[in-house]
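Input sequences plus hints: build the corresponding full structure.
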Amino acid sequence: MVRFPGSNCETETLTAVTASGGEAFALDHRSDNLQGARAVIIQGGFSYGDYLRSGAIARLAPVMDPIRVHAKQGGVVIGICNGFQVLCEAGLLPGALLHNHENRFVARPIDIRIERNTTACTSEFEIGEVVRIPMAHGEGRYVADTDTLDRLETEHLVVLRYVAAGGSDLPHNPNGSERDIAGICNREGNVVGFMPHPERHADRRLGPAPGSRFFDSLIAGLSHPAVA
Amino acid sequence: MKYRVDIRVVPRAGLLDPQGKAIESALLALEFGGIGAVHVGRAITLELEADSEQSAESEARRMCERLLANPVTEDFSVKVSA
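Same order as they appear, the protein sequences are chains A and B. Mapping to our numbering: the first sequence position 216 is 218, numbers consecutive. Mapping to our numbering: the second sequence position 70 is 1313, numbers consecutive.
If you are wondering where the hints come from, they were derived from the structure by calculation, not from laboratory data. Every residue, glycine too, gets a C-beta built ideally from N, C-alpha and C. One should not assume that every hint holds.
[What the hints assert, rightly or not] Straight-line alpha carbon distances no greater than 20 Å define the calculated EDC-like cross-link-like pairs of lysine to aspartate or glutamate that follow:
hint, chain 1, residue 1, chain 2, residue 2
1, B, 1264, A, 141
2, B, 1264, B, 1317
3, B, 1264, A, 180
[What the hints assert, rightly or not] Label-pair distances were calculated between CB atoms; the ranges are:
hint, chain 1, residue 1, chain 2, residue 2, range
4, A, 129, B, 1265, 34 to 40 Å
5, B, 1282, A, 226, 47 to 53 Å
6, A, 64, B, 1288, 26 to 32 Å
7, B, 1288, A, 205, 46 to 52 Å
[Unchecked claim] If you want a taste of the chain B side facing chain A, the calculated C-beta under 7 Å gives, among others:
hint, residue
8, 1259
9, 1261
10, 1265
11, 1313
12, 1315
13, 1316
Structure representation (structure tokens):
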């Protein structure tokens, strides 16, 4: 878990990884190497206070150089919430995250559909499955130019999408993201970024915890190195 | 020579600007009328050592391209003065 000044989700993320059978540690933003990590999670928070733009300064931290190399070599890099913002600012994923369309920080459970299960953290899902996990962000509106948005669809780079599920009169798209995009990946599926927080619903002692399946997928993928 | 650089970063035209909308509503609530197209951006000022006004400007533009503005969602303008 990459710890920037202002990151705040390391503990839950570390717990979720451990509960799924992995071994996790916090990686300081000043580190110039991954210290043996096989996967990198850039987890949630307010790195550098969201100064300038969310993730804009974090992407310049020394640790981002080895992360970039790791991603290029097919290594697993997952960005959760602020981490997704960092990955977009770093150019490791296309597009950008802007202020939610209603200018409100939205913190509630959200229904998302799994659109691709050949990524570093969605292999345990069936395509089309809808899961409900929490979101909590003020700048989660995903935007990109039309060509990029079309390419994301045709190349199957959309991983998670906000959907309407029965029984709720809340808007299915909580932040105005284009094409209801909640998360995307690169072509190979080793770099994944999404706004919802699976680590906040990953404790199986409380019942079905769909967030845990993202971490199960992550660990399963690291145990069997080929990501389809 | 030391130059003063004034940089303005604004949301790209056509992109929804909820901060601008919120401010527009607030201004209307304060009974200012005839208002539209409110947009919120960022003003960044800095001092820059450079050989000429042109090289200060091109250095500042590079700063915008690399950090100060998000190329996907923002436009910027640079003004240099001695």
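Going down the list of hints, with the structure as the test:
1. Pair hint residue 1264 of chain B plus residue 141 of chain A holds up; C-alpha atoms about 16 Å apart against a cutoff of 20 Å.
2. A C-alpha spacing of about 17 Å is found between residue 1264 of chain B and residue 1317 of chain B, which places the hinted pair at or below 20 Å, so the restraint holds.
3. About 19 Å separates the Cα atoms of residue 1264 of chain B and residue 180 of chain A, which keeps this hinted pair within 20 Å; it holds.
4. Take residue 129 of chain A and residue 1265 of chain B: their Cβ atoms lie about 38 Å apart, and the range 34 to 40 Å holds.
5. Separation of residue 1282 of chain B from residue 226 of chain A is about 50 Å and conforms to the stated range, judged on CB atoms against 47 to 53 Å.
6. For residue 64 of chain A and residue 1288 of chain B, the hinted distance range of 26 to 32 Å is satisfied, since their beta carbons lie about 28 Å from each other.
7. In this structure the supplied range 46 to 52 Å holds for residue 1288 of chain B paired with residue 205 of chain A, their Cβ-Cβ distance being about 48 Å.
8. Taking 7 Å as the C-beta contact cut-off toward chain A, the hint placing residue 1259 of chain B at the interface holds, the least distance being around 6 Å.
9. Interface hint at residue 1261 of chain B: satisfied, since its Cβ lies 4 Å from the closest Cβ of chain A, which is below the 7 Å cut-off.
10. For the restraint placing residue 1265 of chain B at the interface with chain A, the shortest Cβ-Cβ distance is roughly 5 Å, inside the 7 Å limit, so the hint holds.
11. The beta carbon of residue 1313 of chain B is positioned within 7 Å of a beta carbon in chain A (closest approach about 6 Å), and the interface hint is therefore held.
12. The interface hint given for residue 1315 of chain B is met, as the beta carbon of that residue sits about 4 Å from the closest beta carbon of chain A, less than 7 Å.
13. For residue 1316 of chain B, the interface hint holds, since its Cβ comes within 7 Å of a Cβ in chain A; the closest pair sits about 5 Å apart.
Hint compliance for this structure: no hint is broken.
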